[in-house]
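J.: Use these hints to put chain G onto chain A, whose structure you have.
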Amino acid sequence: MKRSVVTTPSRIVGISALLAVVFVVVCIVSLLTGTSGIGFTRVLSGIMSGWREGHLVLTPSEKTILFSIRLPRIIFAGIVGAALSTAGVVFQALLRNPLADPYILGVSGGSAVGAITGIIIGAGCVTFSVPALAFLGAVLTVVLVFVIGNRNGRLDSNTLLLAGVIVNAFFSAVIMFFISISSNADLHNITFWLMGDISLADGNKIMLMSLFLAIGAGVVYCYARPLNLIVAGEETAMQLGVNVKRTKIVLFFAGSLMTAVAVSFTGIIGFVGLVIPHMMRMMFGTDHRLLLPASFLFGASFLVIADTVARVIFPGMELPVGVITALCGAPYFIYLLRTRSV
Amino acid sequence: MSIIKIAGVDFRYKDVWALRDISFDVRRGEFLGIIGPNGSGKTTLIRIIDGILVPEKGDVSVNGNNIRGMRRRDLARLVAVVPQDSAMIFPFRALEVVMMGRSPHLGMLRFEGDRDFEITRRAMEMTDTISLADRSMDKLSGGERQRVLIARALAQEPEVVLLDEPTAFLDIKHQAAFFGLMKVLNGGKGLTVLAVTHDINLAAAYCERIMLLKNGRIHSLGVPGEVITEANIKEVYETDVLVDANPLNGLPRVTLVASKEKEICSL
Chain A
1 MKRSVVTTPS RIVGISALLA VVFVVVCIVS LLTGTSGIGF TRVLSGIMSG
51 WREGHLVLTP SEKTILFSIR LPRIIFAGIV GAALSTAGVV FQALLRNPLA
101 DPYILGVSGG SAVGAITGII IGAGCVTFSV PALAFLGAVL TVVLVFVIGN
151 RNGRLDSNTL LLAGVIVNAF FSAVIMFFIS ISSNADLHNI TFWLMGDISL
201 ADGNKIMLMS LFLAIGAGVV YCYARPLNLI VAGEETAMQL GVNVKRTKIV
251 LFFAGSLMTA VAVSFTGIIG FVGLVIPHMM RMMFGTDHRL LLPASFLFGA
301 SFLVIADTVA RVIFPGMELP VGVITALCGA PYFIYLLRTR SV
Chain G
1 MSIIKIAGVD FRYKDVWALR DISFDVRRGE FLGIIGPNGS GKTTLIRIID
51 GILVPEKGDV SVNGNNIRGM RRRDLARLVA VVPQDSAMIF PFRALEVVMM
101 GRSPHLGMLR FEGDRDFEIT RRAMEMTDTI SLADRSMDKL SGGERQRVLI
151 ARALAQEPEV VLLDEPTAFL DIKHQAAFFG LMKVLNGGKG LTVLAVTHDI
201 NLAAAYCERI MLLKNGRIHS LGVPGEVITE ANIKEVYETD VLVDANPLNG
251 LPRVTLVASK EKEICSL
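Residue numbers (our numbering), protein chains in the order written: chain A, 1 to 342; chain G, 1 to 267.
Because the hints were derived from the structure by calculation, they are not lab data. All clues given are correct.
Taking lysine-lysine pairs in the DSS-like style, the calculated list, with each CA pair at most 27 angstroms apart, reads:
| # | chain 1 | residue 1 | chain 2 | residue 2 |
| --- | --- | --- | --- | --- |
| 1 | G | K214 | G | K57 |
| 2 | G | K173 | G | K139 |
| 3 | G | K183 | G | K173 |
| 4 | A | K245 | G | K14 |
| 5 | G | K14 | G | K214 |
| 6 | A | K245 | G | K57 |
This is chain A alone, in the form it adopts within the complex (with noise of 0.2 angstroms):
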């Protein structure tokens, strides 16, 4: 009998650090590469004239670039795609359901309503309130959507599913309110919220944001094998001793508080969460104790790759990141869809 079926702590690892160092070249691809002439060659020769006089020989203003701005940049992407990624991968194994992503149930919405509150009452000269107001109106999401799915003492998938849908539609109808009053220049910034957008990434950021991925992922990591249990069924996970009931409403908070953070921070960033876990669930299979962490890394570099893209597909100005998730994650999908059953 093939051992290499199961999923085994060697394989586990050896994945992880392939993946590891996939996301490694590809943040130094992308610390490479921009619009400023800042690439390869320049860096390379400072570096090799570095090493006859003792430092590296770049100017004040490329080292700003380079550090100041590509750099924080590239790890706040690298983050908030495996803080998605995770997060898709507990709510699609949670909800039973392949279409599920991080967004599913309402925190998209409630967090876009408040951040555009923030946005229309001008709160964006003080630092960090449009996002505090985002992950305000997200956690009110989470919990109206916990109090209405558990009426009956247990999650149920369903009832979450239904909440989530009606909270997001009753939500979208407050955002188009919001749009349909808003001035011109506010609807720039609004629009650029909606898509995603992590241009604005700063120390603060990354250290909030590191923080809730780091708990919220340790946490969901703890839950693998259970995860693996009620994909194959609630009932058959409490018949192979998972205390289910306990196992979700850890897992919807894990998975809702990651969501909402990242949310908050840059905006409705799209398909990450959905098609990464299908990802790398056809590549290694659907046992999350490698589900897990495989998504978490290769989320991390699709989104630094798509921001890359964004900042200089057109030079001279920036996409939101948004746009090229949903680009290139809505026609993959489809392939998916056509060409195996999700």
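T.: Just chain G now, kept in the frame of chain A:
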């Protein structure tokens, strides 16, 4: 020596009583069949014994321990369930599914060790599923999938196996093979088996005792010859049947008496 004790169990879904005043014991190593019409409470009873439903009144104990308040992990080491079928949205491979049976024996972040592989391998050997190990569950036939699910239950190393209409989707060859395998495990390993089934003749052929349920109450409980009588079946199923002795083994055999007009009228 009884391994399962059920005392005065009542259960209802909202305001419909599903089980009333159920009390019985199951001996260690017994093969008990549970039969009865649709809605008589068979599946509810199985779900109460594996702790998924909690009875309104009464107690269930397994191995002398009341299952109320027992941790799921502990119960899963005593009782395994073979469901009718398994629908997975994201398919696992057969070996992964059987390996899930080791879950209640592992700590949260522990991986399966050599011993778990050995137990899994033996479970798959017994159910003739080794050759299916790396096949995806959604690519298996109904009979193959059912054998994988039995292997998973065996990998749990339980003392009791509950079967919830396990042969509902199987043809007669696989039905016979399934019950034959359960009988072997029951005899050889001393596994206690409780089987819910619609097939009265299969139950008569394989079970030591049979429980007949009607409207959530135990109508009769005893050896097949006592329970499966024309009078009992007619009364419980409200259908005309002929019960005679199977010429091969003398066990009761039920034949449906087709009465054309009456059935159409009552439909």
